[in-house]
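Enquirer: Below, each chain spelled out in residue letters.
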Amino acid sequence: MRRIPGIRRIFRLVETRASRERAVEDELTFHLDTRVDELIAGGMERRAAREQAEREFGDVHAARAELLALGRRQVRRTRVRDWAEVLAFDLRYAVRGLKAQPALTLGIVLTLALGIGANATMFGVVDRLVLGAPAHWRDPGQLRQLYFATGYPDHSVTSAFESYPAYLAFRDSVPAFQDVAAFSDQYVMTSGRGAAAVQVKARLVTANFLRTLGAHPVLGRFFADNEARPPDGASVVVLGYGFWQRRFGSDSTVLGRTMPIGNGRYTIIGIAPRGLTATDLLPVDVWLPVSAVASEQLVWNVWTSNRFASWLQVVTRLRSGADERQALAQVAAVYQRVMAEQDRAFHRGTTEFSPTHSLMLDAVSGARYHNGARTLEARVSRWLICVSAIVLLIACANVANLLLSRATRRRREIAVRLALGISRRRLGGQLMVEGVLLAIVGGSAGLLMAEWGSAFTRRVLLPDVLWDGSPMDARVLAITAAIVLVTGVLIGLAPALQATRTQLTSALKAGAQEGVRRTRLRSTLIIAQAALSVVLLAGAGLFARSLWNARGVDLGMDVRPVLLATVDLQSAGYNPADQTAFMERAMQRLSELPGVDDVAFAFAVPFRDISGMSMTIPGRHDSTVDGKAPTFNVVSPSYFATLGMRIIRGHGFGSGHRADARYVAVINEKLAHQAWPGENPLGKCIRLGDENACTTIVGVVNDARYFGIYNEPRMQVFVPFGRKGGGVGGLFVRTRGDPARLERVVRRTLQSMMPDLPYADVRPLQKLLDPQFRSLNLGAAMFGVFAVLALIVASVGLYSVLAYDVARRVHEIGVRMALGARAPDVVRLVLGEGVRMVVVGIVLGLVVTLAAGRAIASLLFDTSPRDPVVLGIVCLTLLVVAVAASLIPAWRATRVDPSVALRAE
Amino acid sequence: MARDLDLLQGTLDVLVLKALAWGPQHGYAVARWIKSTSDEALTVEDRALYVALHRMEGRGWIEAEWGLSENNRKARYYQLTRAGRKQLHAEAARWTRYAEAVFKVLGATDASTEATA
Numbered sequence: 001m002r003r004i005p006g007i008r009r010i011f012r013l014v015e016t017r018a019s020r021e022r023a024v025e026d027e028l029t030f031h032l033d034t035r036v037d038e039l040i041a042g043g044m045e046r047r048a049a050r051e052q053a054e055r056e057f058g059d060v061h062a063a064r065a066e067l068l069a070l071g072r073r074q075v076r077r078t079r080v081r082d083w084a085e086v087l088a089f090d091l092r093y094a095v096r097g098l099k100a101q102p103a104l105t106l107g108i109v110l111t112l113a114l115g116i117g118a119n120a121t122m123f124g125v126v127d128r129l130v131l132g133a134p135a136h137w138r139d140p141g142q143l144r145q146l147y148f149a150t151g152y153p154d155h156s157v158t159s160a161f162e163s164y165p166a167y168l169a170f171r172d173s174v175p176a177f178q179d180v181a182a183f184s185d186q187y188v189m190t191s192g193r194g195a196a197a198v199q200v201k202a203r204l205v206t207a208n209f210l211r212t213l214g215a216h217p218v219l220g221r222f223f224a225d226n227e228a229r230p231p232d233g234a235s236v237v238v239l240g241y242g243f244w245q246r247r248f249g250s251d252s253t254v255l256g257r258t259m260p261i262g263n264g265r266y267t268i269i270g271i272a273p274r275g276l277t278a279t280d281l282l283p284v285d286v287w288l289p290v291s292a293v294a295s296e297q298l299v300w301n302v303w304t305s306n307r308f309a310s311w312l313q314v315v316t317r318l319r320s321g322a323d324e325r326q327a328l329a330q331v332a333a334v335y336q337r338v339m340a341e342q343d344r345a346f347h348r349g350t351t352e353f354s355p356t357h358s359l360m361l362d363a364v365s366g367a368r369y370h371n372g373a374r375t376l377e378a379r380v381s382r383w384l385i386c387v388s389a390i391v392l393l394i395a396c397a398n399v400a401n402l403l404l405s406r407a408t409r410r411r412r413e414i415a416v417r418l419a420l421g422i423s424r425r426r427l428g429g430q431l432m433v434e435g436v437l438l439a440i441v442g443g444s445a446g447l448l449m450a451e452w453g454s455a456f457t458r459r460v461l462l463p464d465v466l467w468d469g470s471p472m473d474a475r476v477l478a479i480t481a482a483i484v485l486v487t488g489v490l491i492g493l494a495p496a497l498q499a500t501r502t503q504l505t506s507a508l509k510a511g512a513q514e515g516v517r518r519t520r521l522r523s524t525l526i527i528a529q530a531a532l533s534v535v536l537l538a539g540a541g542l543f544a545r546s547l548w549n550a551r552g553v554d555l556g557m558d559v560r561p562v563l564l565a566t567v568d569l570q571s572a573g574y575n576p577a578d579q580t581a582f583m584e585r586a587m588q589r590l591s592e593l594p595g596v597d598d599v600a601f602a603f604a605v606p607f608r609d610i611s612g613m614s615m616t617i618p619g620r621h622d623s624t625v626d627g628k629a630p631t632f633n634v635v636s637p638s639y640f641a642t643l644g645m646r647i648i649r650g651h652g653f654g655s656g657h658r659a660d661a662r663y664v665a666v667i668n669e670k671l672a673h674q675a676w677p678g679e680n681p682l683g684k685c686i687r688l689g690d691e692n693a694c695t696t697i698v699g700v701v702n703d704a705r706y707f708g709i710y711n712e713p714r715m716q717v718f719v720p721f722g723r724k725g726g727g728v729g730g731l732f733v734r735t736r737g738d739p740a741r742l743e744r745v746v747r748r749t750l751q752s753m754m755p756d757l758p759y760a761d762v763r764p765l766q767k768l769l770d771p772q773f774r775s776l777n778l779g780a781a782m783f784g785v786f787a788v789l790a791l792i793v794a795s796v797g798l799y800s801v802l803a804y805d806v807a808r809r810v811h812e813i814g815v816r817m818a819l820g821a822r823a824p825d826v827v828r829l830v831l832g833e834g835v836r837m838v839v840v841g842i843v844l845g846l847v848v849t850l851a852a853g854r855a856i857a858s859l860l861f862d863t864s865p866r867d868p869v870v871l872g873i874v875c876l877t878l879l880v881v882a883v884a885a886s887l888i889p890a891w892r893a894t895r896v897d898p899s900v901a902l903r904a905e
Numbered sequence: 001m002a003r004d005l006d007l008l009q010g011t012l013d014v015l016v017l018k019a020l021a022w023g024p025q026h027g028y029a030v031a032r033w034i035k036s037t038s039d040e041a042l043t044v045e046d047r048a049l050y051v052a053l054h055r056m057e058g059r060g061w062i063e064a065e066w067g068l069s070e071n072n073r074k075a076r077y078y079q080l081t082r083a084g085r086k087q088l089h090a091e092a093a094r095w096t097r098y099a100e101a102v103f104k105v106l107g108a109t110d111a112s113t114e115a116t117a
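These protein sequence lines are chains Z and E, in that order. In this text, residue positions in the first sequence follow this note's numbering: the first is 1, and each later residue adds one. In this text, residue positions in the second sequence follow this note's numbering: the first is 1, and each later residue adds one.
Please keep in mind that the hints were generated in silico from the structure rather than gathered at the bench. Just so you know, nobody snuck in bad clues.
With a cut-off of at most 20 Å between alpha-carbon atoms, the simulated DMTMM-like pairs for lysine to aspartate or glutamate come out as follows: (1) E:Lys35 / Z:Glu54; (2) E:Lys74 / Z:Asp37; (3) E:Lys18 / E:Asp39; (4) Z:Lys767 / Z:Asp554; (5) E:Lys35 / Z:Glu38.
Covered, in the sense of this in silico footprint (three residues per stretch, anywhere, with C-beta under 8 Å from a C-beta of chain E), are these stretches of chain Z: (6) 33-47; (7) 54-66; (8) 73-83.
All C-beta atoms, glycine included, are put in the ideal place defined by N, C-alpha and C.
Bound conformation, chain Z alone (with noise of 0.2 Å):
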């Protein structure tokens, strides 16, 4: 065995500063004195004594001071070392203390991993969606991106594009901006043509993009300034890391090779770093220079000097040293003058209204709308790291109490180390460092879980947003750092705490029982737990209950069977005549394959395309009706019946009312009762945009939610395939069974149809459909995990601290059933204490339930956060849960034999 430090500390003074000065001088005193004796005993007169034992000494004063420097010294020194010794002196005692029971450490360490591991998994999400930057975006606290505010007389609009001349306004006017960079939305276009097509995910930026941010190309080069310079500048292009590696397999020599995208040839010239990514987080496949939109065609007229074109994003970075508020002021002035010169040209010198224009900075970080505003995932996000905290809480609360239990045990050995003179603050200490000890062991076991946490979180729930690199970098280890540290004192208080209260008397006795207040605190903590777990439950119930009514929503047509097929007829050089054309063989061919039902065209595709057109009913004044303008969209006769929508009144359209009846349109219920309420409106007539003629109305179907589940139906119009428009738009293939099956036939029937064809997009529909589950389906399972995470640990608690409970009333139980009390009598008090606990668990749980909802009722679908058959069934949940935690000890209680229970003591 060790020596055990302090022995020799004990036997120690304590050395302060004045005790050191004081034995400086007793020694230098000792020594003068004796001096001065032997020479007056050799015959000297006292004071001539005095006089030489000090000459021989040497300069005393000088020696004092020397001697109390280096006793300063030294006593710094000692007290490191002894410090050190005795950290490793607790170490050790709090190992062999854990080691002796591997069962409650286990229990404590996996509690502890599963609190902190949730934490740093949910921080990573977090960190990127909400807090931080995407990454590589360097020193991010440098850097800003502009959102541009227009005011209305009745509303304003936020909005994170500009043009390009306004872009570079800003890039050469701001003094106090050292960089200023932009970029554009995605686009998604094409590589390569016919059964090779690829879809490419493509981002336009200017030359100083890479620069701005701070990062370098992992390979090669980026953009030279004048290879993005307007009007043309040059064929190059910058690959994504993830893009390279699929499709080049990582090659480095595919530098200088070219690929088509879209209507050119691009010169590889350099590979972006691993997830590089805009604000939106969105992969990006191929980087362009911004010059590129001309060849692309994605803006229309000169995009030079096209002020009315919003398509670039802004970012920059301030000069370091530079006043943001001044920044802004400068800013804010450019803009104002490119504005007022935009509405001069706009106006022409008319007296109508002009907007405000306004200009914010805002930092830049993951997981926005363009308007700046959180993405729902985001926002989500946010209330899950809150919840993870709860989870975390609760497993502290736990792990307290099973600490405490075990505090408890060792009541008699604490006492008895007390009396042989321990202090107080070292044994505090001492089962700090124990607390301490366990965080770091379940921290550590938290990381690994966080690992495998990350990587499903990502997966499966934000399969969209581009993670790149490891789950776990240096801020989300920081930050796991600070919480295993708060963990471990938040843990070790409630023992030490405890420990230093202990009344040595009563300890000593044997058999003592357990004070009033240590049963207290552990039935607060108990009830502390119950009354969180209902919390996260009501949460995890409030999603789910969202997701059923979102799943249940009537879209008012049948989305499932159906596939969507898209393809890019204007970028192959079709005419608009062309395109139909191509459009009415491609049904024919689509509806001869097996397991195809029918086939549609439609110009707008639900979910998301919005086509408008005004519409006026003859002899109103309003164009609108009641105050909204209807949808409108071009079908295929075939459309109503592809999508599963009904006729409800006259009929669809024949294929006869494409040659001839020309001017009829099918209207849906809700504007038919709008516009004509109580009437029949069929054989009424509309007039469509500018046109002079009568479209009559022949037929009414149903209503349906056509931007999906968020809103509400809306009045649409239908007008007959071939009388406007042309073939950009969709294919509705509805299939027998599951639609997927059939994805790849359809696109191989499409594009033999056409070699020369882009790449036809072929996918369900439902897919359009599922962004907007994506945060319910988020909240939901989160939620769910971590309710049902704070459970286990909840039961477990409530659990152990009954098991204790009976352990420690053996005696009185013994005396009860002596006394005549049977086991249902013994059961009912075991019981009792276990639901008593958690029924005022629960209460609490729901008044902050109550009091949280209203925050978080905007994430919700169609449910209330007070919803009652959730909060019943939460509360149903938990009390079974504490039944059945106490069932176990409440047997125990009742297995205890009163002869044996009372010789014990």
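Could you slot chain E onto chain Z? The hints should help.
Expert: Leaving out everything else, chain E in the frame of chain Z:
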């Protein structure tokens, strides 16, 4: 008074350690012991002696305790630790080797004188 031999740095340490090798001593006794054992050839300045004692205490070669002196005064007694004893052996061996080497050189000079004579 005869001119004292100047003590080299480090030499004082080994003398003090040697003085303490006989048992715990206070500073005054150490000084006296060095003086008398060297037949008053080596006189240590008391100030330097105490600095050496404290420095070696800091290094853990000696440890100190308060006790009563023979004349019934409170005195600080120093005593060798295990590390101090080791240090003494090492230093003493080094000194002996050094001294022997010096003697050898001086002896050789005598021999050469004899040879020429």
